[in-house]
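Trainee: Next come the chains, spelled out residue by residue.
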Amino acid sequence: MSQRFRTRPFTAALAIGALALAGCSGGGGGEDDGPVTLTWYMGAGVPDDIATAEQLAADFSAANPDVEVVVDASGPAGVEIDAQIRTKLGTGDMADLFWYNSGALMKQLNPDQQLLNVGDGAWVEDLSEDYRGTVSTENGTYGAPVGAAMGGGFFYNVPVYEELGLEVPKTWDDFMANNEAIKAAGVDPVIQSYGDTWTSQMIFLADYFNIQAAEPDFADDLTANETTFAETPAALASFQKVEALAEADHFNVDFQNLVLDQAIAKLVNGEGAHYPILTFAQATVQQNFPDDADDIGFFPVPGGSAEDHGLTTWMPSSVYAPATTEHPEEVKRFMAFVASPDGCDSITEARGVTGPYVVAGCEIEGDVSRIVEDMLPYFEDGATSPALEFLSQVKGPNLQAFTVEVGTGISTAEDAARAYDADNAVQAQQLGLEGW
Amino acid sequence: MSLAPSQPIRPPIPPSTGPAIRTRRKLGNRVNKPYPGWFYAPAAVIYGVLFIAPTLASFYFAFTRWSFAETEFVGFDNFVTFFTEPRLFKGFTNTFIYAVLTSGAKVVLGLLLAIVLTSGIFARGYLRAVIFFPVLVSTVGVGITFKILLDPFDGLVNKALAVIGIQGPGWLTDPSLALLSIAAVDVWKGIGLATLIYIAGIVAIPNEYFEAAKVDGASAWAVFRHITVPMVRPAMITVIILSLIGGLRTFDLIWAMTGGGPGFASDVIASTIYKQYAAGFYGLSTAGNVVLFLVVTAAVLPLYLFLNRKSKDL
Chain A
1 MSQRFRTRPF TAALAIGALA LAGCSGGGGG EDDGPVTLTW YMGAGVPDDI ATAEQLAADF
61 SAANPDVEVV VDASGPAGVE IDAQIRTKLG TGDMADLFWY NSGALMKQLN PDQQLLNVGD
121 GAWVEDLSED YRGTVSTENG TYGAPVGAAM GGGFFYNVPV YEELGLEVPK TWDDFMANNE
181 AIKAAGVDPV IQSYGDTWTS QMIFLADYFN IQAAEPDFAD DLTANETTFA ETPAALASFQ
241 KVEALAEADH FNVDFQNLVL DQAIAKLVNG EGAHYPILTF AQATVQQNFP DDADDIGFFP
301 VPGGSAEDHG LTTWMPSSVY APATTEHPEE VKRFMAFVAS PDGCDSITEA RGVTGPYVVA
361 GCEIEGDVSR IVEDMLPYFE DGATSPALEF LSQVKGPNLQ AFTVEVGTGI STAEDAARAY
421 DADNAVQAQQ LGLEGW
Chain B
1 MSLAPSQPIR PPIPPSTGPA IRTRRKLGNR VNKPYPGWFY APAAVIYGVL FIAPTLASFY
61 FAFTRWSFAE TEFVGFDNFV TFFTEPRLFK GFTNTFIYAV LTSGAKVVLG LLLAIVLTSG
121 IFARGYLRAV IFFPVLVSTV GVGITFKILL DPFDGLVNKA LAVIGIQGPG WLTDPSLALL
181 SIAAVDVWKG IGLATLIYIA GIVAIPNEYF EAAKVDGASA WAVFRHITVP MVRPAMITVI
241 ILSLIGGLRT FDLIWAMTGG GPGFASDVIA STIYKQYAAG FYGLSTAGNV VLFLVVTAAV
301 LPLYLFLNRK SKDL
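Top to bottom, those sequences are chains A and B.
Counted from 1, the first sequence has number 55 at position 55 by our numbering; the numbering is strictly sequential.
Counted from 1, the second sequence has number 289 at position 289 by our numbering; the numbering is strictly sequential.
In short, the hints are calculated from the structure, not lab data.
Here the structure is a predicted model, which is why all the values come from computation and not from measurement.
Just so you know, even glycine gets a beta-carbon here, dropped at the ideal spot from N, CA and C.
Careful: at least some of the hints might be erroneous.
[Stated by the list, open to error] FRET-style restraints, in silico, Cβ to Cβ:
| # | chain 1 | residue 1 | chain 2 | residue 2 | range |
| --- | --- | --- | --- | --- | --- |
| 1 | B | 44 | A | 91 | 20 to 30 Å |
| 2 | A | 138 | B | 55 | 30 to 40 Å |
| 3 | A | 262 | B | 164 | 26 to 36 Å |
[As the list claims (entries may be wrong)] Listed below are the simulated SDA-like cross-link pairs for lysine to any residue, each with C-alpha atoms no more than 25 Å apart in a straight line:
| # | chain 1 | residue 1 | chain 2 | residue 2 |
| --- | --- | --- | --- | --- |
| 4 | B | 147 | A | 425 |
| 5 | A | 88 | B | 69 |
| 6 | B | 90 | A | 44 |
| 7 | A | 88 | B | 68 |
| 8 | B | 147 | A | 74 |
| 9 | B | 147 | A | 240 |
| 10 | B | 90 | A | 363 |
| 11 | B | 90 | A | 74 |
| 12 | A | 88 | B | 303 |
| 13 | A | 170 | B | 256 |
| 14 | A | 88 | B | 200 |
| 15 | B | 90 | A | 246 |
| 16 | A | 88 | B | 72 |
| 17 | A | 332 | B | 256 |
| 18 | A | 332 | B | 58 |
| 19 | B | 147 | A | 80 |
| 20 | A | 332 | B | 61 |
| 21 | A | 88 | B | 58 |
| 22 | B | 90 | A | 39 |
| 23 | B | 147 | A | 88 |
| 24 | A | 88 | B | 90 |
| 25 | A | 88 | B | 61 |
| 26 | A | 88 | B | 65 |
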């Protein structure tokens with residue numbers, strides 16, 4: 001009995017502590033205590049992304065004195081941001097807002113349970129159909145775009161092309177012929193930067209336009225477990241393109257160590273002729289080499305025929321809120337701002353024009369870099385396809401390791417395709433997709 | 001703690017006979033327990049909640065697919081996946097290669113260094129400190145530093161080799177070399193601890209043995225073979241066990257230097273588990289942790305029993 005008595009003061013102390021805590025958080029959320037602060041969590045990997053978030057936050061806070069948005073770019077880069085975001089969401093520890101990919105990666109976050117549904121905002125109607133699908137489930141819409149649509153393909157050095165009298169290739173065979181000529185002239189035909197492992201996937205991912213040109217139902221069939229990369233010649237070809245370049249020894253000698261910024265420097269300096277990357281990197285070209293930005297052009301990954309030539313596009317990343325946020329109304333107001341012409345202006349201010357916006361009413365204004373200029377006609381002609389990750393939830397996590405294996409000659413295209421199929425199967429099973 | 005040795009091994013028999021029988025029986029088991037049971041409770045609660053419970057829970061979650069919010073029981077599927085995926089299995093074999101290499105090198109080189117550093121060598125204290133310093137440095141820091149040093153083109157190592165006319169390989173980018181390079185850095189970083197343990201063992205050998213051997217005219221090799229090696233056996237067992245466990249569950253150095261690459265060439269179980277976790281495959285990654293737990297236990301427990309039995313035979 002005496003022990004019982006002794007525990008009581010302790011219990012009482014706990015209760016008082018809990019009350020005090022409750023009192024604190026109640027006070028913090030009150031409306032009389034100045035502006036509500038929204039924290040926006042993101043990875044530290046891409047400086048342009050951070051600049052964009054900070055510009056959006058500053059412009060919104062200026063127009064809405066009662067809400068202050070603070071960017072917290074303390075997250076890790078690369079594969080580790082995925083783990084951080086999943087863990088923070090799963091444990092209810094996420095900030096009021098966070099920056100993350102749209103499409104398959106977003107859908108793996110279990111949005112219906114973990115994210116704040118913002119589908120009741122009028123601004124959702126202004127989002128382009130293609131984009132809205134990548135941040136929505138059957139039950140709601142969850143994100144607002146923090147950038148413009150992008151394309152994936154090859155940046156190329158225009159002076160090298162002019163000196164050698166080459167034309168922008170429309171088929172893979174033309175491209176390989178160009179590479180031979182470039183190599184003969186003593187320039188590395190294709191720059192790779194496996195030091196940033198994710199960049200090894202670019203040729204493969206940006207080839208999706210050509211896969212769907214040959215197999216229009218590929219994405220749906222893949223989702224339903226009715227097709228594989230290894231058994232679909234057009235899909236296997238994406239791996240074979242990496243393999244062909246590696247076997248022809250077309251990469252720069254230090255391709256295993258180079259990182260993105262160094263690769264762009266090599267391209268601008270004319271040490272290499274092509275660099276496969278997403279067009280968001282045009283901002284890096286303009287920042288680091290403002291005088292040479294017009295020397296860099298862009299073309300999509302070429303396919304089998306010149307008639308079926310088109311661009312694989314990427315939807316912009318988005319800002320989301322966790323379902324646990326204490327300030328849902330303020331969060332929704334902020335997202336409405338992001339997905340408005342004013343928001344587009346903030347984005348343009350921060351990173352320049354990187355492509356067409358996915359919000360109705362946003363126009364491309366001001367200077368456009370040569371890279372974007374080369375890309376826009378594909379959007380205007382409708383010769384585009386979203387990348388696979390915006391069409392299917394199936395996205396095995398190890399693709400970048402497989403493309404590194406093919407690029408370094410550790411494995412063949414066939415091996416990598418089979419391994420990627422197995423990787424996809426593991427992912428689909430772990431996430432409980434139907435039919436796997 | 002200091003109370004324990006001072007406790008009487010056979011406490012005096014209390015005067016009253018009734019409780020005495022009970023007490024004596026009790027004391028037969030509890031002779032080494034100076035505290036009443038409730039005294040252990042706080043530690044037991046902490047240990048139970050933070051270690052036992054999660055361990056038991058992980059055995060359950062290893063048989064499920066779970067997303068923090070919901071779980072689905074899938075039997076042995078996760079383990080089947082782990083062992084049938086060639087690239088997951090590669091991490092499994094790499095773990096053993098890595099553990100045996102690093103442990104072996106630390107056991108042998110650590111002993112040799114300890115012998116040098118217990119001899120009357122010049123600047124002995126300074127050299128001991130220098131050998132030990134890498135142990136104090138953050139592993140990730142060491143990994144990043146060596147990643148830069150081992151860069152095939154701009155790295156100090158290959159530039160130094162170039163001076164004497166050798167074209168150095170891609171230490172971390174050649175798939176057949178990457179794991180070995182990391183193992184070498186691990187040995188460099190960890191050998192200080194092994195050496196320290198050996199030094200303690202060697203210093204503890206009574207000087208009479210060496211004097212007697214000298215009187216009998218034993219060679220340096222004979223002293224080493226028949227006195228030092230047998231007498232540092234307890235230290236050697238500690239080094240083997242510690243470095244083997246460390247090698248089997250290594251993660252930070254590999255992650256900082258190659259991230260398991262190129263491709264999967266330097267993946268070990270721990271980095272594989274981490275990647276599964278990062279991808280949101282919590283069930284599969286927990287299964288990997290259970291595998292790692294069983295592997296470490298299966299490798300170390302028999303070794304421990306074997307080595308300790310041997311030491312008693314001496």
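Trainee: Compare the structure with each hint and give your call.
Mentor: Going down the list of hints, with the structure as the test:
1. B:44 to A:91: 20 to 30 Å: 26 Å, holds
2. A:138 to B:55: 30 to 40 Å: At roughly 39 Å between Cβ atoms, residue 55 of chain B and residue 138 of chain A fall inside 30 to 40 Å, so the hint holds.
3. A:262 to B:164: 26 to 36 Å: The hint (26 to 36 Å, Cβ to Cβ) holds, given that residue 262 of chain A and residue 164 of chain B are roughly 28 Å apart.
4. B:147 to A:425: 34 Å, violated
5. A:88 to B:69: 13 Å, holds
6. B:90 to A:44: 31 Å, violated
7. A:88 to B:68: At roughly 11 Å apart (the allowed maximum being 25 Å), residue 68 of chain B and residue 88 of chain A satisfy the hint.
8. B:147 to A:74: Within the cut-off at roughly 23 Å; holds.
9. B:147 to A:240: 30 Å, violated
10. B:90 to A:363: Not satisfied, since the Cα-Cα distance of roughly 51 Å exceeds 25 Å.
11. B:90 to A:74: Distance of about 33 Å is beyond 25 Å: violated.
12. A:88 to B:303: Measuring from Cα to Cα gives roughly 40 Å; hence the hint is violated.
13. A:170 to B:256: Answer violated: residue 170 of chain A to residue 256 of chain B is near 41 Å, above 25 Å.
14. A:88 to B:200: 46 Å, violated
15. B:90 to A:246: 24 Å, holds
16. A:88 to B:72: Measuring from Cα to Cα gives roughly 22 Å; hence the hint holds.
17. A:332 to B:256: 39 Å, violated
18. A:332 to B:58: 38 Å, violated
19. B:147 to A:80: Given that 25 Å is the threshold and the Cα spacing comes to 19 Å, the pair holds.
20. A:332 to B:61: Violated, at roughly 36 Å.
21. A:88 to B:58: Holds. Residue 88 of chain A to residue 58 of chain B sits at ~20 Å (cutoff 25 Å).
22. B:90 to A:39: 42 Å, violated
23. B:147 to A:88: 30 Å, violated
24. A:88 to B:90: 31 Å, violated
25. A:88 to B:61: 19 Å, holds
26. A:88 to B:65: 19 Å, holds
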